[in-house]
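Engineer: So the sequence lines, in the order shown, correspond to chains A and L. What the first sequence shows, in the working numbering, is residues 1 to 243, in sequence order. What the second sequence shows, in the working numbering, is residues 1 to 330, in sequence order.
The hints are simulated quantities; they were obtained by calculation from the structure and are not laboratory data. Model, not experiment: these values are computed from the prediction. There may be inaccurate statements among the hints.
What the hints assert, rightly or not - In silico contact screen, one side only, chain L against chain A (beta carbon under 8 Å); selected entries:
1) ALA111
2) ILE149
3) GLN153
4) ASN186
5) LYS253
6) LYS256
7) PRO260
Said to hold, decoys possible - Result set (BS3-like, lysine-lysine): computed pairs, CA atoms no more than 27 Å apart in a straight line:
8) L:LYS297 to L:LYS236
9) A:LYS7 to L:LYS136
10) L:LYS253 to L:LYS236
11) A:LYS7 to L:LYS144
12) L:LYS253 to A:LYS202
13) A:LYS117 to L:LYS136
14) L:LYS297 to A:LYS202
15) A:LYS202 to L:LYS274
16) A:LYS202 to L:LYS136
17) A:LYS40 to A:LYS21
Said to hold, decoys possible - If you want the footprint, here are the derived chain A segments under chain L, 3+ residues with CB under 8 Å:
18) 21-30
19) 152-164
Note that beta-carbon positions come from the ideal geometry of N, C-alpha and C, so glycine has one too.
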Amino acid sequence: MIVADIKPFKEIMRLVKNYRKICVIGCGTCVTVCHAGGQKQVSEVAAQLRLAAKLEKKHLEVGEETILRQCEHEFIDSLEGLVQKYDAIVSLGCGIGVQMLAERFPHTRILPGLNTKFMGAPTEPGIFWERCVGCGNCILAETGGFCPVTRCAKGLLNGPCGGSQNGLCEVSPDTPCVWQLIYEQLEAQGMLDTMEAITPPKDWSVGQGGCGPRRLVLEHLVEEEKDKHKIAEKVLTRNDCKK
Amino acid sequence: MIVKSDEKYSTLGSLESELAISGLKSGSNLEKLLKAGYFVVTAELGPPRGADRTVIEKKATLLKGYADAFNITDCQTAVVRLSSITGGAILVGLGLEPIIQMTCRDRNRIAIQSDLLGAAALGIKNLLCLTGDHQKFGDHPGAKGVFDIDSLQLLQIVKGMRDEKKFQSGEEIEVEPRFFIGAAENPFADPFTYRAFRLAKKIRAGADFIQTQIIFNVDKFSAWMERVRALGLHKKVFILAGVAPIKSLLMAKYMKTHVPGMDIPDEIIKRMEKAKKGSAKTEGLNICLDVIEKVRKIEGVSGVHIMAIEWEEAIPEIAKRAGLLPRPSP
Numbered sequence: 001m002i003v004a005d006i007k008p009f010k011e012i013m014r015l016v017k018n019y020r021k022i023c024v025i026g027c028g029t030c031v032t033v034c035h036a037g038g039q040k041q042v043s044e045v046a047a048q049l050r051l052a053a054k055l056e057k058k059h060l061e062v063g064e065e066t067i068l069r070q071c072e073h074e075f076i077d078s079l080e081g082l083v084q085k086y087d088a089i090v091s092l093g094c095g096i097g098v099q100m101l102a103e104r105f106p107h108t109r110i111l112p113g114l115n116t117k118f119m120g121a122p123t124e125p126g127i128f129w130e131r132c133v134g135c136g137n138c139i140l141a142e143t144g145g146f147c148p149v150t151r152c153a154k155g156l157l158n159g160p161c162g163g164s165q166n167g168l169c170e171v172s173p174d175t176p177c178v179w180q181l182i183y184e185q186l187e188a189q190g191m192l193d194t195m196e197a198i199t200p201p202k203d204w205s206v207g208q209g210g211c212g213p214r215r216l217v218l219e220h221l222v223e224e225e226k227d228k229h230k231i232a233e234k235v236l237t238r239n240d241c242k243k
Numbered sequence: 001m002i003v004k005s006d007e008k009y010s011t012l013g014s015l016e017s018e019l020a021i022s023g024l025k026s027g028s029n030l031e032k033l034l035k036a037g038y039f040v041v042t043a044e045l046g047p048p049r050g051a052d053r054t055v056i057e058k059k060a061t062l063l064k065g066y067a068d069a070f071n072i073t074d075c076q077t078a079v080v081r082l083s084s085i086t087g088g089a090i091l092v093g094l095g096l097e098p099i100i101q102m103t104c105r106d107r108n109r110i111a112i113q114s115d116l117l118g119a120a121a122l123g124i125k126n127l128l129c130l131t132g133d134h135q136k137f138g139d140h141p142g143a144k145g146v147f148d149i150d151s152l153q154l155l156q157i158v159k160g161m162r163d164e165k166k167f168q169s170g171e172e173i174e175v176e177p178r179f180f181i182g183a184a185e186n187p188f189a190d191p192f193t194y195r196a197f198r199l200a201k202k203i204r205a206g207a208d209f210i211q212t213q214i215i216f217n218v219d220k221f222s223a224w225m226e227r228v229r230a231l232g233l234h235k236k237v238f239i240l241a242g243v244a245p246i247k248s249l250l251m252a253k254y255m256k257t258h259v260p261g262m263d264i265p266d267e268i269i270k271r272m273e274k275a276k277k278g279s280a281k282t283e284g285l286n287i288c289l290d291v292i293e294k295v296r297k298i299e300g301v302s303g304v305h306i307m308a309i310e311w312e313e314a315i316p317e318i319a320k321r322a323g324l325l326p327r328p329s330p
């Protein structure tokens with residue numbers, strides 16, 4: 001899941017200060033799970049904005065809405081008609097949601113209400129950890145299921161640095177040294193020889209920032225879609241012919 | 001008296017050692033001395049936090065003749081300093097032999113290989129390959145850490161440039177940089193049982209010599225060396241034991257609790273506590289000399305690397321009192 005955190009309220013206030021009619025829009029998926037941008041947080045932010053406006057004796061109309069996913073057109077479409085009623089939208093979606101709304105509604109200011117943090121998971125109530133950086137070439141088979149690209153502060157691929165002590169990372173002492181975890185796991189699985197092999201430099205071109213924004217093309221779906229259009233065209237042509 | 005490793009202190013065991021029979025790779029003073037079986041001395045020389053070359057010149061004048069080669073740190077602890085290669089070039093000009101340090105923190109593989117071509121062109125022959133201290137500890141904690149490659153991959157790249165005349169990309173190099181390749185190892189870090197295997201990995205990747213983390217816990221270092229010898233690694237790589245003089249009790253306590261990967265036994269702290277006011281530095285030097293005396297006797301130790309951080313003046317005294325002078329000419 002995508003993990004995000006709500007922006008400081010002062011910053012949200014600064015973002016909306018020139019608008020009179022705003023709507024706070026939440027997202028019902030990842031950011032709901034991490035208590036940043038779900039229906040509950042939408043209500044809280046909206047209430048805070050109303051209260052702040054009242055204290056400053058300003059007129060501010062604040063609407064509230066939450067859709068299941070801000071990252072998919074079929075859910076965003078449901079906002080058609082609502083968005084146009086407002087001067088600006090505060091999206092409590094992740095960075096993807098904000099951009100999807102901005103693309104879909106180019107005539108409305110779409111403002112981010114969250115800081116998007118990482119791809120991760122809750123490990124215990126209230127604690128979320130980063131687990132994947134989306135490097136584009138998964139090596140978890142060699143590392144006992146623990147990702148050093150993500151979980152080592154230096155992204156080391158060939159074992160722990162000299163700062164691993166008592167199972168902890170030197171960079172932040174509340175973080176486990178992922179290479180200690182990998183070592184223990186491989187030892188338990190009788191696969192320690194995996195750590196003797198030298199992992200060569202990684203090809204970062206398939207990772208974040210490698211060659212600009214990455215995209216995934218599913219040829220079979222693209223073809224299917226094309227075929228649908230062809231069929232539709234044929235039907236149209238046939239209809240035309242009938243005319 | 002020239003200190004040559006005798007049978008007792010010999011690092012090479014016999015002339016059949018792979019180290020002794022291999023030809024010179026870089027032709028550096030350090031390489032020649034190690035291969036001739038001398039117990040070598042290297043020392044750290046920290047470059048200034050400014051553009052003043054006279055700082056390096058003064059330290060060079062102070063240290064000339066007291067060690068065989070001098071490490072110039074590469075923005076150590078992630079603090080901006082005059083660059084390692086520049087410091088190295090200044091030393092070459094003054095007739096001292098540098099070991100430049102190169103980290104993976106601030107440069108990607110393109111910049112690293114480019115800088116190494118430049119370093120070789122400036123007459124630098126020794127290189128210590130490090131991953132580098134994390135930028136969080138430095139003066140620009142908001143900097144983006146590069147870490148395109150790690151220290152093992154760096155070793156592999158440098159070896160490939162030297163021995164196969166190839167860049168990491170596989171492209172050929174017309175005139176290859178020829179370095180005597182060093183790596184660091186911390187016998188005190190975890191997991192302890194993996195540390196000797198990690199050393200083996202560094203040797204396979206390309207390390208010709210090793211400089212260890214500062215040793216205070218000689219027992220643990222000995223235990224690590226035992227594992228190193230069991231794997232036969234002391235015959236494949238020259239191991240230089242890292243030592244350092246402590247300046248004060250405060251410094252000892254700070255290093256014990258705040259410097260990751262540093263192992264300072266309570267006994268050392270007690271010795272510093274017992275030292276009378278005004279004689280902490282003397283006791284710090286004594287501790288350093290004791291460590292040198294002990295590690296010299298460990299089979300497989302080929303030399304010492306003195307890291308007198310911001311206290312380079314201590315190096316001549318340490319070398320002298322440890323009986324490491326005069327240094328031999330290669």
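Engineer: Confirm or reject each hint.
Structural biologist: Now for the hints, and whether the structure bears them out:
Because the smallest distance between the Cβ of ALA111 (chain L) and any Cβ of chain A comes to about 14 Å, over 8 Å, the interface hint for this residue is violated. For ILE149 (chain L), the suggested interface contact is upheld, since its CB lies about 5 Å from the closest CB of chain A, less than 8 Å. With a least beta-carbon distance of about 5 Å to chain A, the hint placing GLN153 (chain L) at the interface is held under the 8 Å criterion. Taking 8 Å as the C-beta cut-off, the interface hint given for ASN186 (chain L) holds, the closest approach to chain A being about 3 Å.
For LYS253 (chain L), the interface hint is violated, since its Cβ never comes within 8 Å of a Cβ in chain A; the closest pair sits about 17 Å apart. A least Cβ separation of about 12 Å between LYS256 (chain L) and chain A goes past the 8 Å threshold, and the interface hint is therefore violated. Given the 8 Å rule on beta carbons, the hint for PRO260 (chain L) holds: about 3 Å separates it from the nearest Cβ of chain A. Using a Cα cut-off of 27 Å, the hinted pair LYS297 (chain L) and LYS236 (chain L) holds, with the two alpha carbons roughly 19 Å apart.
Pair hint LYS7 (chain A) plus LYS136 (chain L) holds up; C-alpha atoms about 24 Å apart against a cutoff of 27 Å. Between the alpha carbons of LYS253 (chain L) and LYS236 (chain L) the distance comes to roughly 36 Å, so the proposed pair goes past 27 Å and is violated. Simply put, LYS7 (chain A) and LYS144 (chain L) have alpha-carbon atoms about 22 Å apart, close enough for the 27 Å limit, and the pair holds. Among the hinted pairs, LYS253 (chain L) with LYS202 (chain A) is inconsistent with the structure: their alpha-carbon atoms are about 39 Å apart, more than 27 Å.
Distance hint between LYS117 (chain A) and LYS136 (chain L) is fulfilled; the C-alpha atoms sit about 18 Å from each other, no more than 27 Å. Of the pairs offered as hints, the one joining LYS297 (chain L) and LYS202 (chain A) is violated, with about 41 Å between alpha carbons and a cut-off of 27 Å exceeded. Note on LYS202 (chain A) and LYS274 (chain L): the hinted pairing is violated, with a Cα-Cα distance of about 51 Å set against a maximum of 27 Å. At most 27 Å may separate the alpha-carbon atoms for a hinted pair to count; LYS202 (chain A) and LYS136 (chain L) meet this at roughly 23 Å.
This hinted pair checks out: LYS40 (chain A) and LYS21 (chain A) have alpha carbons roughly 20 Å apart, not beyond 27 Å. For the segment 21-30 of chain A, the assignment as covered by chain L is violated, since 0 residues bring a beta-carbon within under 8 Å of that chain's beta-carbons and 3 are needed. Counting residues of the segment 152-164 of chain A whose C-beta lies closer than 8 Å to any C-beta of chain L gives 12; at least three are required, and the coverage claim holds.
Violation of the numbered hints given earlier is confined to hints 1, 5, 6, 10, 12, 14, 15, 18; the remaining hints are satisfied by the structure.
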